[in-house]
Amino acid sequence: MRRRASLVLLALAVFCAAMAPTLRWYAFPRLAKIPANQYQDTVLEARPATLLNYSTLRAEKVDKITIIQTLKGNVEESRRIERDAGRDVVVWDALAYVTGPDGKMVSKVPERYIFDAHTQDPVHATGESVDGDPVRREGIEFKFPFLTEKRDYQYFDAQTRTSAPIHYKGTRTFRGMEVYYFEQTIPWTKVPMPKAMPVKGITPKILADSGLTRWYTTKRMFWVEPVTGAPVNGEEIHKEELRNAKALMGQDTLTVFAGHVKMREDYLRSVGEMVSSNRLMVLMLVSYIPWSLTVLALALLALALWLEARSRRPEPEPPAAPAPAPVSAPL
Amino acid sequence: MRALVAAAIGLAPVLLFVLLLTVVDLPPDGPTSPKPLLTADPAARK
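Top line first, the protein sequences correspond to chains Y and P.
Residues 0 to 330 in numbering that gives the first Met the number 0 are what the first sequence spells out, letter by letter.
Residues 0 to 45 in numbering that gives the first Met the number 0 are what the second sequence spells out, letter by letter.
FYI, nobody ran anything at the bench for these hints, they're computed from the structure.
What you were told as hints is all true, and nothing was included just to trick you.
When the alpha-carbon atoms are kept at most 30 Å apart in a straight line, the in silico DSS-like pairs for lysine-lysine are as follows:
id	chain 1	residue 1	chain 2	residue 2
1	Y	K189	Y	K199
2	Y	K107	P	K45
3	Y	K103	P	K34
4	P	K34	Y	K261
5	Y	K261	P	K45
6	Y	K60	Y	K238
7	P	K45	Y	K32
Throw the hints in and build the complete structure from the sequences for me.
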């Protein structure tokens, strides 16, 4: 009976011991993925900011600039691309819509970002674009991969349409959560005019024909929760200028936009809550369940060995029967 | 010999699980959200 129990325990121990690494290194990379139908909006603000007034052609201080960023998973497109790519793909249609203090449009930049749902490696397919221009992304954008590492990543900058390193600058605590802090600086770079201009009658072509050029620099900062790879906070110190503007605007350089852009408080809270719940699910697969199985496997193995050893121990000899009293023959 | 059989019995469901993950596709994520790409500041989140 003991021997049978020890064999059952051994089978269970083997199951647990084999399941632990299988979950961590085989199941997790296949099960953890960004859903193709995700929808997420974020509001960022720069308070105060400098903004070009196109009617006076002067840069003015304004109370705030609002950036409304929406990411919307395009399921039909992801299925179409998956058929050719042979892997799970996410297609994000994104829009960064910037409004001035009066709520009117300052600029809008639509994007299509296509990437692997598990690893977040970029996937190159027709439709990958920024503001209608085809691009070929290297590295990541918007989000970091699951199990983010303490290293630099290539991060795509939509304004310059190029990728550059985003540097890991250390581990920080953000609202009680351990996060990795990343920073990327894009030096002054000439960038294309946006397709949509805030003033009717002014088109990118008119500006380009006048010899105006648009320049941009930014310092981008992300506080990333490393298990999910989701940024729980993002900030940008952003400056844009029009140069060669003397003939048209009276001075050579005009500030179009300057400000320190930060996530709005209500979005910081809601993103934090969402990341906390997703973090728990990922941790279950990569840590909690595998480690519990490992400990259970060791305990079951020890129990199995103990039972086996006991079953092999020889049974104690039954106590010897008392020796019969000597019988003496009657005389 | 019995120990080997027990170990094989323990490994079998793990191999089955691996096979299942390899063969079966994850369920689809559902349709594209009907919500639009925002062009106005949405109401503050609670």
